[in-house]
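Colleague: Now for the letters of each chain:
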Amino acid sequence: MSSNRRERQPLDEQPALDEQTSALIAAARDSYAPPPATPAERAALRSAIETRAAKRRVSAMALASALAGVAALVLVGWLVLRDREGLDSAVAPVAASSRQPAAAPSPGARADTGGGPVATDRRATAVVEAEGWSEAVLLTSSDSADVDPSEEQGEPLPAEYAVLSEVLFGVDEL
Amino acid sequence: MPEPLSVTPAEMTAGLSKEGIDFASFFDANLNKARRLAWRLVGGDQAAAEDVVQEAFLKAYRGLGGFRADARLDTWFFRIVVNEANTYHRRQRLRRMLRLAPADEIGPAPRPAHGDPVLRERIAEAIAELSHGQRQAFVLVHLERYTVREAAELAGKSVGSIKKHLNRALQRLREQLAGVRVEPEQGRVQPSGEKTR
Chain L
78 MSSNRRERQP LDEQPALDEQ TSALIAAARD SYAPPPATPA ERAALRSAIE TRAAKRRVSA
138 MALASALAGV AALVLVGWLV LRDREGLDSA VAPVAASSRQ PAAAPSPGAR ADTGGGPVAT
198 DRRATAVVEA EGWSEAVLLT SSDSADVDPS EEQGEPLPAE YAVLSEVLFG VDEL
Chain H
4 MPEPLSVTPA EMTAGLSKEG IDFASFFDAN LNKARRLAWR LVGGDQAAAE DVVQEAFLKA
64 YRGLGGFRAD ARLDTWFFRI VVNEANTYHR RQRLRRMLRL APADEIGPAP RPAHGDPVLR
124 ERIAEAIAEL SHGQRQAFVL VHLERYTVRE AAELAGKSVG SIKKHLNRAL QRLREQLAGV
184 RVEPEQGRVQ PSGEKTR
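Chains as they are written, first to last, in the numbering used here: chain L, 78 to 251; chain H, 4 to 200.
Treat the hints as calculated values from the structure; they're not laboratory data. Even for Gly, the Cβ is constructed at its ideal location relative to N, Cα and C. Any given hint might turn out to be false.
[Claimed, not checked] Coverage of chain H stretches by chain L, computed from C-beta distances (three or more under 8 Å per stretch; other residues unrestricted):
| # | region |
| --- | --- |
| 1 | 35-46 |
| 2 | 88-100 |
| 3 | 126-133 |
| 4 | 178-185 |
Full structure from sequences and hints, please.
Modeller: Below you can see the structure in the form of structure tokens.
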């Protein structure tokens with residue numbers, strides 16, 4: 078019974094070692110170690126530590142600079158986007174009204190609209206002449222028997238189309 | 004007491020003080036022990052040991068502001084050394100897992116023998132067979148002569164964990180070095196059996 082009982086050791090104590098193990102450890106303590114640093118090695122190590130510290134300092138500064146640059150880019154981008162959105166919202170009603178005549182019979186005519194009343198008038202006239210349309214075709218409503226612009230557009234003409242056309246193209250006769 | 008200084012890296016080891024501690028004196032006093040401890044913990048790899056020591060001194064210098072006076076400065080520093088050795092082992096394990104370096108390139112670098120070359124080689128081979136935890140416990144307690152409690156504090160482990168690793172390390176070393184007889188008085192190795200060279 079006593080053979081099964083282990084002597085409790087204090088928590089901090091090491092287990093007892095036999096003589097051979099103790100001798101082996103003592104020998105290892107002496108032999109399993111690097112030689113002491115020579116003065117040259119000490120100086121080299123000191124220099125290496127200083128170099129490492131300098132590199133870390135430069136790396137930290139570079140990282141800080143990069144982060145500041147990214148932050149500045151984000152800020153500028155945000156300001157530009159905000160400015161553009163504000164401009165878009167300011168010109169949106171005008172742009173919408175100027176795009177409305179683009180519902181003309183052909184996409185070409187639509188692309189040529191804009192640039193002010195005089196320019197618009199000239200372009201529209203040129204398109205009408207090139208396509209051989211009459212102004213009535215261009216400006217008429219969907220009850221025209223010969224040419225129905227709404228068929229080419231594939232969408233119904235808005236009710237205020239004639240009024241807008243009159244205003245934009247300066248045509249007062251349908 | 005000197006005022007805390009903000010010094011350049013070159014000034015760091017050149018005699019200036021930080022947080023009231025003369026870092027140059029501290030460097031000189033602890034360099035050899037730090038080199039030896041790191042060398043033993045990384046398994047005799049000289050380049051790795053120097054890397055560990057450099058990083059430990061750098062971190063110690065940077066961390067002097069956070070050093071608490073209730074702990075001994077050297078204990079605090081050697082805990083950094085042990086942590087850096089742990090970091091080295093983690094990186095090596097990761098490299099092995101990712102197969103970034105063949106296993107045979109990770110082992111100890113050749114180094115001029117110090118002490119009994121035969122015993123040194125046999126012990127190095129035996130210690131290389133230990134796990135990292137076993138090696139750490141064996142080095143701290145038996146080679147560096149820390150108590151189990153101090154070793155636990157340095158390694159950041161419990162006393163029970165250190166003792167468990169220590170027992171297993173001794174058991175494996177006895178098996179590995181079964182054929183080696185050492186004369187206690189002379190510390191000389193007498194190889195015998197199959198491992199005799």
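Colleague: Are at least 3 residues of the region 178-185 of chain H within less than 8 Å of chain L when you compare beta carbons?
Modeller: holds (count 4)
Colleague: Does the region 35-46 of chain H contain three or more residues whose Cβ lies closer than 8 Å to a Cβ of chain L?
Modeller: It holds, with 5 qualifying residues against the three required.
Colleague: Verify the coverage statement for the region 88-100 of chain H against chain L, using a C-beta to C-beta distance below 8 Å and requiring 3 or more qualifying residues.
Modeller: This one is violated; 0 residues, fewer than the three required, reach chain L with a Cβ under 8 Å.
Colleague: Holds or violated: the region 126-133 of chain H covered by chain L, criterion of 3 or more residues with Cβ-Cβ distance under 8 Å?
Modeller: holds (count 3)
The structure is inconsistent with hint 2 alone, although it conforms to all the rest.
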